[in-house]
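There are 2 protein chains.
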Amino acid sequence: MKREDYRQHISAQFNDELDEVRSHFLAMGGLVEKQVTDAITALLDADSALAASVQDNDRRINQMESGIDEEIVRILARRQPAASDLRMIIAIGKSITDLERMGDEAAKIARAAQSLCEEGESPRGYLECRHISNQVRVMIHEMLDAFAHFDADQAFKVMKADAEIDLEYRTATRALVTYMMEDPRSISRVLSVMGVLRSLERVGDHARNIAEQLIFLVKGADVRHATFDQVAKKLES
Amino acid sequence: MKREDYRQHISAQFNDELDEVRSHFLAMGGLVEKQVTDAITALLDADSALAASVQDNDRRINQMESGIDEEIVRILARRQPAASDLRMIIAIGKSITDLERMGDEAAKIARAAQSLCEEGESPRGYLECRHISNQVRVMIHEMLDAFAHFDADQAFKVMKADAEIDLEYRTATRALVTYMMEDPRSISRVLSVMGVLRSLERVGDHARNIAEQLIFLVKGADVRHATFDQVAKKLES
Numbered sequence: 001m002k003r004e005d006y007r008q009h010i011s012a013q014f015n016d017e018l019d020e021v022r023s024h025f026l027a028m029g030g031l032v033e034k035q036v037t038d039a040i041t042a043l044l045d046a047d048s049a050l051a052a053s054v055q056d057n058d059r060r061i062n063q064m065e066s067g068i069d070e071e072i073v074r075i076l077a078r079r080q081p082a083a084s085d086l087r088m089i090i091a092i093g094k095s096i097t098d099l100e101r102m103g104d105e106a107a108k109i110a111r112a113a114q115s116l117c118e119e120g121e122s123p124r125g126y127l128e129c130r131h132i133s134n135q136v137r138v139m140i141h142e143m144l145d146a147f148a149h150f151d152a153d154q155a156f157k158v159m160k161a162d163a164e165i166d167l168e169y170r171t172a173t174r175a176l177v178t179y180m181m182e183d184p185r186s187i188s189r190v191l192s193v194m195g196v197l198r199s200l201e202r203v204g205d206h207a208r209n210i211a212e213q214l215i216f217l218v219k220g221a222d223v224r225h226a227t228f229d230q231v232a233k234k235l236e237s
Numbered sequence: 001m002k003r004e005d006y007r008q009h010i011s012a013q014f015n016d017e018l019d020e021v022r023s024h025f026l027a028m029g030g031l032v033e034k035q036v037t038d039a040i041t042a043l044l045d046a047d048s049a050l051a052a053s054v055q056d057n058d059r060r061i062n063q064m065e066s067g068i069d070e071e072i073v074r075i076l077a078r079r080q081p082a083a084s085d086l087r088m089i090i091a092i093g094k095s096i097t098d099l100e101r102m103g104d105e106a107a108k109i110a111r112a113a114q115s116l117c118e119e120g121e122s123p124r125g126y127l128e129c130r131h132i133s134n135q136v137r138v139m140i141h142e143m144l145d146a147f148a149h150f151d152a153d154q155a156f157k158v159m160k161a162d163a164e165i166d167l168e169y170r171t172a173t174r175a176l177v178t179y180m181m182e183d184p185r186s187i188s189r190v191l192s193v194m195g196v197l198r199s200l201e202r203v204g205d206h207a208r209n210i211a212e213q214l215i216f217l218v219k220g221a222d223v224r225h226a227t228f229d230q231v232a233k234k235l236e237s
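Protein chains in written order, with the UniProt record's numbering: chain U, 1 to 237; chain X, 1 to 237.
Be careful, since some hints might not be right.
[Said to hold, decoys possible] Derived lysine-lysine pairs resembling DSS-like cross-links, with alpha carbons at most 25 Å apart:
#1 X:Lys219 / X:Lys234
#2 U:Lys160 / U:Lys219
#3 X:Lys160 / X:Lys234
#4 X:Lys94 / U:Lys108
#5 U:Lys108 / X:Lys108
#6 U:Lys94 / X:Lys94
#7 U:Lys219 / X:Lys94
#8 U:Lys219 / U:Lys234
#9 X:Lys108 / U:Lys94
#10 X:Lys157 / X:Lys34
#11 U:Lys108 / X:Lys160
#12 X:Lys219 / X:Lys157
#13 U:Lys160 / U:Lys234
#14 U:Lys233 / U:Lys219
#15 U:Lys94 / X:Lys219
#16 X:Lys108 / U:Lys160
If you're looking for bench data, these hints aren't it; they were derived computationally from the structure.
Based on the provided sequences and hints, a complete structural model is requested.
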C-alpha cells in the first residue's frame, strides 16, 4: 500500500484529516524516541538535570495521546472511514496507547537515573544498559520509519529485533543476579539497574506491538499471536 | 447512561451486534479474572498442574481478543456507529488490549509458580502475594461489574483501589529487598516472588485503565491523566 492510496477521497478535507492524524502520530513517536534516548543518556552520563526534564516532558506525550484520540473519535463519527482508511485509524488508535506506555517507561528510567546519580559511583550493569538501549533505539527508529512508509517488511524486521532484545535482556538479568549474590550490599542499586533493563525490554515489546499494528494496516492480517513463520507467509501473500 | 439507551436503534440487528460485542467483552473479562485467581492459587498451593493449565488457557484469551477486534472492525465499517455507541465500541476496543495483557501477567505468575513449586519450600513474600492478590481480584471483579452496569462511580472506586495497591506493592517490595540482604542465597527465589508482585501490580494498572475507559464511555470524559479531584468533578457534572 502506498501513501497515494489515501489520496483518493472526494473530500479534500477528509484527506487532510487523515494526513494530519498520521503526522501527529509520527510526531508523538519522534518525541517518545527522544525521551527514551534522553532517559538512557541521563543514566549513563549521570545527568540529573536531563533526567528531570525527561520526567517533565512525559506530560506532553500524554497530551499528544489525548489529542490524537480526539481526532480519531471525530473522524470515526463524521467521516465513517472504510477499508484501508478505517484500518489506519484503528492501527493508530491502538498504537498511541503503546507509544504512551513507552513514554511511561522512559520516565521510569529517568527516575531510576536520578536516584542512581545521587548515589555517585557507577554501578554494575551499565554496559548492558548501554548495549540494550542501543538496540531498542534502533528498533524504535525503524518502527517509525516503517510506519512512515507503510513498509510491512520492515515492520517484520522490528518484530524479530524484539525477540533478540528479549534474549539479551534475560542474559543481562542473570549476570546481575550473580553480582547481587557476590555483593549483597549492592542489592538495592542493582535492582534499580534491573528495573532500567526491564523498562527497555518493555519499550521493545511496545515497539513490536506497533509493528504488528502496521502489518494489520498494510496487509489486513492480525499477526499479534503468530509465529515468525506464519508472519512471513502472510507477508508473501 | 442506562442499558436501555443502547436499544433505540431502528435496526434490531445492530442492537444485537452491540449487545454481542459487549457480552463477549464481559466473557473475556470473566476468563481473565479466573486466570488471575487460578495463577495465584497455583502459587500459594504449590499446584503445578493448575499452573500449567493457566499457561495453556492464555491462548483462549488471545483468541477472544482477536475475535472481538474483528467484530469491532465489522461494526465500524458497516454500522457507522455514533455518539454513545461509538464510545462503547472505542472503549471496548481499548479495554480488550488491557484484558489481554492482564492475561499475559496471569500466565507469567503461573510460570513463576511452576518454577517455585519445583523448588519445594515456601519462600518469603507469599503472605504479601496473598494479600495483594486478594485486593487485585476484588478490583477486577468490581471493574467488570461497573462495566456490566455502566457505573461510572464504581469505576472511580476501581481507580482509587489501584492507588492503594501501588502503595502496598512498594511496601512489600521494600520488605523483600531486606530479606534478600539478610539471606543472599535466597536472592533468585525472592526475585521470582517480586516478579509475581509486580505482575499483580500491573494487573491492577490494566484494570484501572479499563475503569478509565468506562468513565469515557459513560461520561464522555477522558480521565486518563487526571487527578482524583478532577475525576470527582467530572463525575458530578
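>> Could you work out which of the previously given hints the structure breaks and list their numbers from low to high?
In response: Hints that this structure does not satisfy do not exist here, as all of them hold.
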